[in-house]
Amino acid sequence: QQPVQSPQAVILREGEDAVINCSSSKALYSVHWYRQKHGEAPVFLMILLKGGEQKGHDKISASFNEKKQQSSLYLTASQLSYSGTYFCGTPPSGAGSYQLTFGKGTKLSVIP
Amino acid sequence: DTGVSQNPRHKITKRGQNVTFRCDPISEHNRLYWYRQTLGQGPEFLTYFQNEAQLEKSRLLSDRFSAERPKGSFSTLEIQRTEQGDSAMYLCASSFSGTGGDGYTFGSGTRLTVV
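Protein chains in written order, with this note's numbering: chain A, 671 to 782; chain B, 918 to 1032.
You may find that some hints are simply not true.
[To be verified] Using 30 Å as the maximum straight-line C-alpha spacing, the simulated DSSO-like pairs for lysine-lysine come out as follows:
| no. | chain 1 | residue 1 | chain 2 | residue 2 |
| --- | --- | --- | --- | --- |
| 1 | A | Lys738 | A | Lys777 |
| 2 | B | Lys931 | A | Lys737 |
| 3 | A | Lys696 | A | Lys725 |
| 4 | A | Lys707 | B | Lys974 |
| 5 | B | Lys974 | A | Lys720 |
| 6 | A | Lys777 | A | Lys720 |
| 7 | A | Lys774 | A | Lys696 |
| 8 | A | Lys696 | B | Lys974 |
| 9 | B | Lys974 | A | Lys777 |
| 10 | A | Lys696 | A | Lys720 |
| 11 | B | Lys928 | A | Lys774 |
| 12 | A | Lys725 | A | Lys707 |
| 13 | A | Lys774 | A | Lys729 |
| 14 | B | Lys974 | B | Lys928 |
| 15 | A | Lys738 | A | Lys696 |
| 16 | B | Lys974 | A | Lys774 |
| 17 | A | Lys777 | A | Lys729 |
| 18 | B | Lys931 | B | Lys974 |
| 19 | A | Lys737 | A | Lys777 |
| 20 | A | Lys738 | A | Lys720 |
| 21 | B | Lys928 | A | Lys777 |
| 22 | A | Lys707 | A | Lys729 |
| 23 | A | Lys737 | A | Lys725 |
| 24 | A | Lys707 | A | Lys777 |
[Unchecked claim] Across the chosen pairs, the derived CB separations fall in these ranges:
| no. | chain 1 | residue 1 | chain 2 | residue 2 | range |
| --- | --- | --- | --- | --- | --- |
| 25 | B | Gln967 | A | Asp687 | 24 to 32 Å |
| 26 | A | His708 | B | Thr930 | 23 to 31 Å |
| 27 | A | Ser731 | B | His927 | 30 to 38 Å |
| 28 | A | Asn691 | B | Gln934 | 39 to 47 Å |
| 29 | B | Gln967 | A | Tyr744 | 32 to 40 Å |
| 30 | A | Gly709 | B | Gln934 | 38 to 46 Å |
Note that these hints are calculated values from the structure, not bench results.
For each residue, glycine too, the CB sits at the ideal point set by N, CA and C.
If we strip away everything but chain A, and leave its shape as in the complex, we get:
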């Protein structure tokens, strides 16, 4: 079952913050986050493996709420380079499941 991402699109001015949500009607075992710039391949950002886990690097971080079957990606003090489409991906089941089902993506545009 495809995870649902919200919002579908967001426009930010440089320096503003954004939150992208990824939710599922089924249990979430792990969550991957990727960013894809136009015409390029998706690039891995981070993976969250356990409920309650939070990760981050630079000004991009994420959380994973296993009970709510939801993950959120936080972008703070956005930069022009953050523009792109963000995808979350989740495996269909637990251990031994390595393929991902991706959401439809959230298009983020950062303007000067």
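For this one, chain A is given, so just place chain B on it according to the hints.
Okay, now just chain B, sitting in the frame of chain A:
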């Protein structure tokens, strides 16, 4: 290592023709995946290999699609009797089966146009 390499970058073919794409993963990665992406959508899983074994195949994948990974190195994806609905970006990705959770490294993709 220069990452995941896919060839060709673009392919235009006539409906009914067969096409084959190649993917060279990162050499240390033992898992290899094929995904398909259409405009405005996230990547859609097609199949994946662990070493040379094809372990999962999407139920949505018709029997016109076949993939191989001989000797656990490069992989090929063949589409027989192409249809216009096969037009998409075909992405290959690889990962390493470590214990810390493994993100994918994607290739730049092969864009297929069926006319």
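Practice prompt. Check each numbered hint from earlier against the structure, then list the numbers of those it violates in ascending order.
Written response: 2, 25 and 30
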